[in-house]
Amino acid sequence: MKKLTLAATLVLAPSALFAQASVQAQSGVSATSAAQAGSDHKLSAEAQASVDANLRVAREKKLPEEPIRQRVAEGQAKGASDAQIAAASGRTLVDLQSSFDAMVKAGRANPTEGEIASGASLIARGYTTAQLVDVARQSTEAQLRSLAAAGNAAAGVNGALNVGGAVATPVAGVTTGVTGAVNGVLGGKKP
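Here our numbering is used: the first residue of the sequence shown is 2, the next is one more, and so on.
Because the hints were derived from the structure by calculation, they are not lab data. Hints may be right or wrong, so weigh each one.
[Said to hold, decoys possible] The list that follows gives simulated cross-link-like pairs (lysine to aspartate or glutamate, DMTMM-like), each with its CA atoms no further than 25 Å apart:
| # | residue 1 | residue 2 |
| --- | --- | --- |
| 1 | 63 | 53 |
| 2 | 62 | 75 |
| 3 | 79 | 61 |
| 4 | 62 | 102 |
| 5 | 43 | 83 |
| 6 | 79 | 66 |
| 7 | 79 | 67 |
| 8 | 106 | 142 |
| 9 | 63 | 102 |
| 10 | 63 | 142 |
| 11 | 63 | 114 |
| 12 | 62 | 142 |
[Unchecked claim] DEER-style ranges, computed between Cβ atoms:
| # | residue 1 | residue 2 | range |
| --- | --- | --- | --- |
| 13 | 80 | 111 | 36 to 46 Å |
| 14 | 106 | 127 | 13 to 23 Å |
| 15 | 47 | 108 | 32 to 42 Å |
C-beta: ideal position from N, C-alpha, C; glycine also.
Let's have the full structure, built from the sequences with the hints guiding it.
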């Protein structure tokens, strides 16, 4: 049964990732369009100051700023309130810092912006810092990015079902499956 599951995963994963890449490309265009369209909706001075402060902290700590900008554009596109957008930008900053800390703990002395952003995406989807450390120890940057993309795709499906915007948290055993998948990709070897 494990071999059948692994075989199905290996056969379906590339097509799922290809589909996700297509969706990401479309959502990137949508986010850009939404940001441009959302420029009609200016944040209140208080919310803008909060977002700007989060961007400044990210820049000072050498964390990627783009995930914060994307979250703001997403909030504007979805018609979120200014308070919700400001709070989301703050949560994204915390997730970026947690991701950076996890990458360093996993042995990546100078994590790339891509690694940090991918890790933050996983944390936003419910991974704990400890789970991220385990995954980061066993994966390359490309594998981490793919895992985050797959998580985002799953969250997108979940988000369509949970209109309230609830985020699915990985249940016990998920990281075992992730670790198994990473080991399967690496042939049981650590990167």
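Q) Which numbered hints turn out to be false for this structure? A) The structure conflicts with hint 3 only, although it agrees with all the remaining ones.
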